[in-house]
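Next come the chains, spelled out residue by residue.
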Amino acid sequence: MNFKTLLCGVLILSACETFEPEAPADFDILDGPVEGLNNAENIQFLKGDAAFNTEIFTLQNGLGPLFVAPSCGSCHPGDGKGHPFTTLTRFGQTDENGNQYLNVGGPQLQHRAIPGFQPEAIPPDATFSSFTPPANTGLGFIDAVSDADILAWSDPEDVDGDGISGTPNWINLKEYVVQRPNSVSENGKYIGRFGKKAATYDLLQQTATAYNQDIGITSSFEPIDPHSGLVFDPEVSNQTINDVVFYLKTLKAPVPRPESNSILEGKQLFAAIGCSKCHRPEMKTGNSTIASISNKIFFPYSDLLLHDMGTALDDGYTEGSAKTFEWRTPPLWGLGLSKNSQGNQYFLMHDGRARSIDEAILLHGGEATQIRDNYQALTADEKTKLIQFLESL
Amino acid sequence: MKKSLLILVALVMCLTLTAQVDSTLFKRTQQDTSKLLLNMDAVYNRPFLSVSKLPVAVGGYVEANWQHLGTDGVSEGHQFQMRRLTLFIASSISRRIKFLSEIEFEDGTKEINIEFASVDFEFHPLLNLRGGIVMNPIGAFNQNHDGPKWEFIDRPISATQLLPATWSNVGFGLYGKLYKGNWVYAYETYLTNGFDDQIISNSENKTFLPASKLNKDRFEESFNGIPLLTAKVAIRNKRFGEIGVSYMGGVYNKFQEDGLTLDEKRNHHTLAIDFNTVLPTGTYLNSEWSFTTIDVPSTYSQQYGDKQWGGFFDVVQPVLRRSMFGFESSVVNVICRFEYVDWNKGKFLESGDNIHEDILSVVSGISWRPTTQTVVRLNYRYAWQTDILGNPPSKTAGFQFGFSSYF
Numbered sequence: 000m001n002f003k004t005l006l007c008g009v010l011i012l013s014a015c016e017t018f019e020p021e022a023p024a025d026f027d028i029l030d031g032p033v034e035g036l037n038n039a040e041n042i043q044f045l046k047g048d049a050a051f052n053t054e055i056f057t058l059q060n061g062l063g064p065l066f067v068a069p070s071c072g073s074c075h076p077g078d079g080k081g082h083p084f085t086t087l088t089r090f091g092q093t094d095e096n097g098n099q100y101l102n103v104g105g106p107q108l109q110h111r112a113i114p115g116f117q118p119e120a121i122p123p124d125a126t127f128s129s130f131t132p133p134a135n136t137g138l139g140f141i142d143a144v145s146d147a148d149i150l151a152w153s154d155p156e157d158v159d160g161d162g163i164s165g166t167p168n169w170i171n172l173k174e175y176v177v178q179r180p181n182s183v184s185e186n187g188k189y190i191g192r193f194g195k196k197a198a199t200y201d202l203l204q205q206t207a208t209a210y211n212q213d214i215g216i217t218s219s220f221e222p223i224d225p226h227s228g229l230v231f232d233p234e235v236s237n238q239t240i241n242d243v244v245f246y247l248k249t250l251k252a253p254v255p256r257p258e259s260n261s262i263l264e265g266k267q268l269f270a271a272i273g274c275s276k277c278h279r280p281e282m283k284t285g286n287s288t289i290a291s292i293s294n295k296i297f298f299p300y301s302d303l304l305l306h307d308m309g310t311a312l313d314d315g316y317t318e319g320s321a322k323t324f325e326w327r328t329p330p331l332w333g334l335g336l337s338k339n340s341q342g343n344q345y346f347l348m349h350d351g352r353a354r355s356i357d358e359a360i361l362l363h364g365g366e367a368t369q370i371r372d373n374y375q376a377l378t379a380d381e382k383t384k385l386i387q388f389l390e391s392l
Numbered sequence: 000m001k002k003s004l005l006i007l008v009a010l011v012m013c014l015t016l017t018a019q020v021d022s023t024l025f026k027r028t029q030q031d032t033s034k035l036l037l038n039m040d041a042v043y044n045r046p047f048l049s050v051s052k053l054p055v056a057v058g059g060y061v062e063a064n065w066q067h068l069g070t071d072g073v074s075e076g077h078q079f080q081m082r083r084l085t086l087f088i089a090s091s092i093s094r095r096i097k098f099l100s101e102i103e104f105e106d107g108t109k110e111i112n113i114e115f116a117s118v119d120f121e122f123h124p125l126l127n128l129r130g131g132i133v134m135n136p137i138g139a140f141n142q143n144h145d146g147p148k149w150e151f152i153d154r155p156i157s158a159t160q161l162l163p164a165t166w167s168n169v170g171f172g173l174y175g176k177l178y179k180g181n182w183v184y185a186y187e188t189y190l191t192n193g194f195d196d197q198i199i200s201n202s203e204n205k206t207f208l209p210a211s212k213l214n215k216d217r218f219e220e221s222f223n224g225i226p227l228l229t230a231k232v233a234i235r236n237k238r239f240g241e242i243g244v245s246y247m248g249g250v251y252n253k254f255q256e257d258g259l260t261l262d263e264k265r266n267h268h269t270l271a272i273d274f275n276t277v278l279p280t281g282t283y284l285n286s287e288w289s290f291t292t293i294d295v296p297s298t299y300s301q302q303y304g305d306k307q308w309g310g311f312f313d314v315v316q317p318v319l320r321r322s323m324f325g326f327e328s329s330v331v332n333v334i335c336r337f338e339y340v341d342w343n344k345g346k347f348l349e350s351g352d353n354i355h356e357d358i359l360s361v362v363s364g365i366s367w368r369p370t371t372q373t374v375v376r377l378n379y380r381y382a383w384q385t386d387i388l389g390n391p392p393s394k395t396a397g398f399q400f401g402f403s404s405y406f
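Here the protein sequences line up with chains Y and L, keeping their order.
First residue of the first sequence? That's 0 in numbering that gives the first Met the number 0, and the numbers climb one at a time after it.
First residue of the second sequence? That's 0 in numbering that gives the first Met the number 0, and the numbers climb one at a time after it.
Mixed in with the good hints, there may be bad ones.
[As the list claims (entries may be wrong)] No farther apart than 27 Å at their CA atoms in a straight line, the calculated lysine-lysine pairs in the BS3-like style are these:
{"#": "1", "chain 1": "L", "residue 1": "176", "chain 2": "L", "residue 2": "148"}
{"#": "2", "chain 1": "Y", "residue 1": "46", "chain 2": "L", "residue 2": "205"}
{"#": "3", "chain 1": "L", "residue 1": "205", "chain 2": "L", "residue 2": "109"}
{"#": "4", "chain 1": "Y", "residue 1": "283", "chain 2": "Y", "residue 2": "266"}
{"#": "5", "chain 1": "Y", "residue 1": "46", "chain 2": "Y", "residue 2": "251"}
{"#": "6", "chain 1": "L", "residue 1": "394", "chain 2": "L", "residue 2": "346"}
{"#": "7", "chain 1": "L", "residue 1": "344", "chain 2": "Y", "residue 2": "251"}
{"#": "8", "chain 1": "L", "residue 1": "346", "chain 2": "L", "residue 2": "205"}
{"#": "9", "chain 1": "L", "residue 1": "344", "chain 2": "L", "residue 2": "253"}
{"#": "10", "chain 1": "Y", "residue 1": "338", "chain 2": "L", "residue 2": "344"}
{"#": "11", "chain 1": "L", "residue 1": "212", "chain 2": "L", "residue 2": "306"}
{"#": "12", "chain 1": "L", "residue 1": "215", "chain 2": "L", "residue 2": "253"}
{"#": "13", "chain 1": "Y", "residue 1": "46", "chain 2": "L", "residue 2": "394"}
{"#": "14", "chain 1": "Y", "residue 1": "338", "chain 2": "Y", "residue 2": "188"}
{"#": "15", "chain 1": "Y", "residue 1": "46", "chain 2": "L", "residue 2": "109"}
{"#": "16", "chain 1": "L", "residue 1": "148", "chain 2": "L", "residue 2": "237"}
{"#": "17", "chain 1": "L", "residue 1": "109", "chain 2": "L", "residue 2": "212"}
{"#": "18", "chain 1": "L", "residue 1": "346", "chain 2": "Y", "residue 2": "338"}
{"#": "19", "chain 1": "Y", "residue 1": "322", "chain 2": "Y", "residue 2": "173"}
{"#": "20", "chain 1": "L", "residue 1": "215", "chain 2": "L", "residue 2": "176"}
{"#": "21", "chain 1": "L", "residue 1": "394", "chain 2": "Y", "residue 2": "338"}
{"#": "22", "chain 1": "Y", "residue 1": "173", "chain 2": "Y", "residue 2": "188"}
{"#": "23", "chain 1": "Y", "residue 1": "283", "chain 2": "Y", "residue 2": "188"}
{"#": "24", "chain 1": "L", "residue 1": "205", "chain 2": "Y", "residue 2": "338"}
[Unchecked claim] Residues from chain Y shown here face chain L by an in silico Cβ test under 10 Å; the list is partial:
{"#": "25", "residue": "53"}
{"#": "26", "residue": "118"}
{"#": "27", "residue": "121"}
{"#": "28", "residue": "122"}
Since the hints were made in silico from the structure, they are not lab data.
Using N, Cα and C, we set each Cβ at its ideal position, and we do this for glycine too.
For reference, chain Y alone in the conformation it holds in the complex (with noise of 0.2 Å):
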């Protein structure tokens, strides 16, 4: 072992990076924070990331005794969509009337239980719909959206005779929400955003309900225990709550993937044969007290509104005023990379059945029917390059 020798293992060693695997690029993962959070920001980002996706809950710090799952990072992996494993349950509404399944557990299932507990069941006579776990990229951008842009985006008669009459959920607000800025109401109720059938207000409701409903944690917005139906004492801070909404709403927006000939002209034709007119690409949020989400142009491809999607993706359940077979717009950023989240493989729709987008795009009906037939029609090469489009997102 001479000095040569020594001096090659010193110079290995100053490069030791070089060695290591490489950061993914940012198009290829969904986690991060958005560009331009200050230090304390990002202070508060680490905390929120480390309570959804590090804090795992036991049968000694409070999980359950009925829960879905142990923790928020269990339903989203790398801040992706969920798989069949975690997807979530709900029964018990049929119309606008509300919930009449809530003194048997409704309305969602926690179909998984400490050992010594038993399990929820469905009822055998209520309806009841699946709900994978949808990416959490981009919410804050989301949320800072006003109310006026959604009502703007509607049309429930179909003034403009297209075909498409996108429709608000207006909803009840939970006591602990505090309304945005210029929200709108009407009969007492509000706009909904967020989830499936965009029955959730904002970021803090979807936090502390997940909390409770999916890990059977109460805190102080969500006391009641959903095993017992008792108040019980928080069981996660407040403190930890409102790290998780700060991380929800500083999440980065997905990053396209770069544009390719193929994926322009897919682009072209999702406007062409009247994708756009639901997955709307191009939004813009309003004021907020985060700098880096305040006033910005994003692209999720969604209108936040409710559709009726037909009689085949009808399952007979419904939340605040949707009909059983509306469904909210889901965005379509980040599609690409659900396969990264899901297993290697796609679970597309709101409760996994589409196995591809092509599956996906076919179960599309109601308003939707004339624009899937639009895509039916396409030659092969075209659906190609749609979907290419549409894994770019």
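Chain Y is already provided as a structure; the job is to place chain L on it using the hints.
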């Protein structure tokens, strides 16, 4: 004032006593730790320091290292780690009654454990009684884990993340050995306190036997009153090497309390096989594989698997034996380890897809032994870890450099 005076007198006396100790009275019991008889003999096969004819001997080992690892482009940077300081105390109470102990400080003082503290009574070479805190003889690594005996900085993932090395408990058992020509036959069997329900409810979010090490009460009381059975048989031939088969199993959950039934009894079973040999080329091969089944309630979650398996395979090839830097019997080895662990073997009820939650790792490097008691190691690790859903694996890689030495 009186107290201060007493302390001063005591200090002076200590200094005087120290001055009277003749260092030639210290005697190091040299052990060639690279040539074990059997894995289960590891606790005896350590270098000890004894003073004159005192019946007490002491020893220990120390491990420290530097590492720079990165996962998918994110690195914690340069890390210096004091992994272990371990102290041994042994005593011959009589010719056939011995006391052995091992106290370990891990990561500074983050974990302080009595890993071994037992009294052995020899009635016959085939019949020895051991009682106290014993190391459960599951696999080979759990009992034979001293850092200076290994050419790799990290302990095998399967030994510490699948099996719970170092796993020790309070209990009693029997062991014995029979020598016949080139063959050695041995057995060990113990009843000890066991696991608890943390193995299916822990911050790892997976079935994880090592989680029960967090239960410090296990040295005081059994979690459920049912003893954990651990047993091993091993055979060694001077030419062919050693093979061991071991079993560990019992009830892990608290099924009743104050006479009230809480749940049904839920069992776990682990079977392990270990093997080591030295080829005519001088190549040392060492391997251990284990398989575990756990009775997880069907109404709980497949997040916690009911079957898991894994192991490692080490190859150590001496490439240089000569004097280096003044160390006359230096040996340089080229090393490679392959290891794999699947914490959750099965299929999802919802989709029929394979459940993953696994890791594959390859470690290569070189080690230098200036003496048989000390090893200096340079390792390069590359690992692929897949989540439960089978998403693209996270990749971790980097260098580690450190030493481990008996003292």
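Here is how each hint holds up against the structure:
no.	hint	verdict
1	176(L) - 148(L)	holds, 23 Å
2	46(Y) - 205(L)	holds, 23 Å
3	205(L) - 109(L)	holds, 23 Å
4	283(Y) - 266(Y)	holds, 20 Å
5	46(Y) - 251(Y)	holds, 16 Å
6	394(L) - 346(L)	holds, 24 Å
7	344(L) - 251(Y)	violated, 35 Å
8	346(L) - 205(L)	holds, 15 Å
9	344(L) - 253(L)	holds, 25 Å
10	338(Y) - 344(L)	holds, 21 Å
11	212(L) - 306(L)	holds, 20 Å
12	215(L) - 253(L)	holds, 16 Å
13	46(Y) - 394(L)	holds, 24 Å
14	338(Y) - 188(Y)	violated, 37 Å
15	46(Y) - 109(L)	holds, 24 Å
16	148(L) - 237(L)	holds, 19 Å
17	109(L) - 212(L)	holds, 14 Å
18	346(L) - 338(Y)	holds, 18 Å
19	322(Y) - 173(Y)	holds, 21 Å
20	215(L) - 176(L)	violated, 32 Å
21	394(L) - 338(Y)	holds, 18 Å
22	173(Y) - 188(Y)	holds, 11 Å
23	283(Y) - 188(Y)	holds, 24 Å
24	205(L) - 338(Y)	holds, 23 Å
25	53	holds, 8 Å
26	118	holds, 5 Å
27	121	violated, 15 Å
28	122	violated, 18 Å
Violated hints, in rising order: 7, 14, 20, 27 and 28; the structure is consistent with all others.
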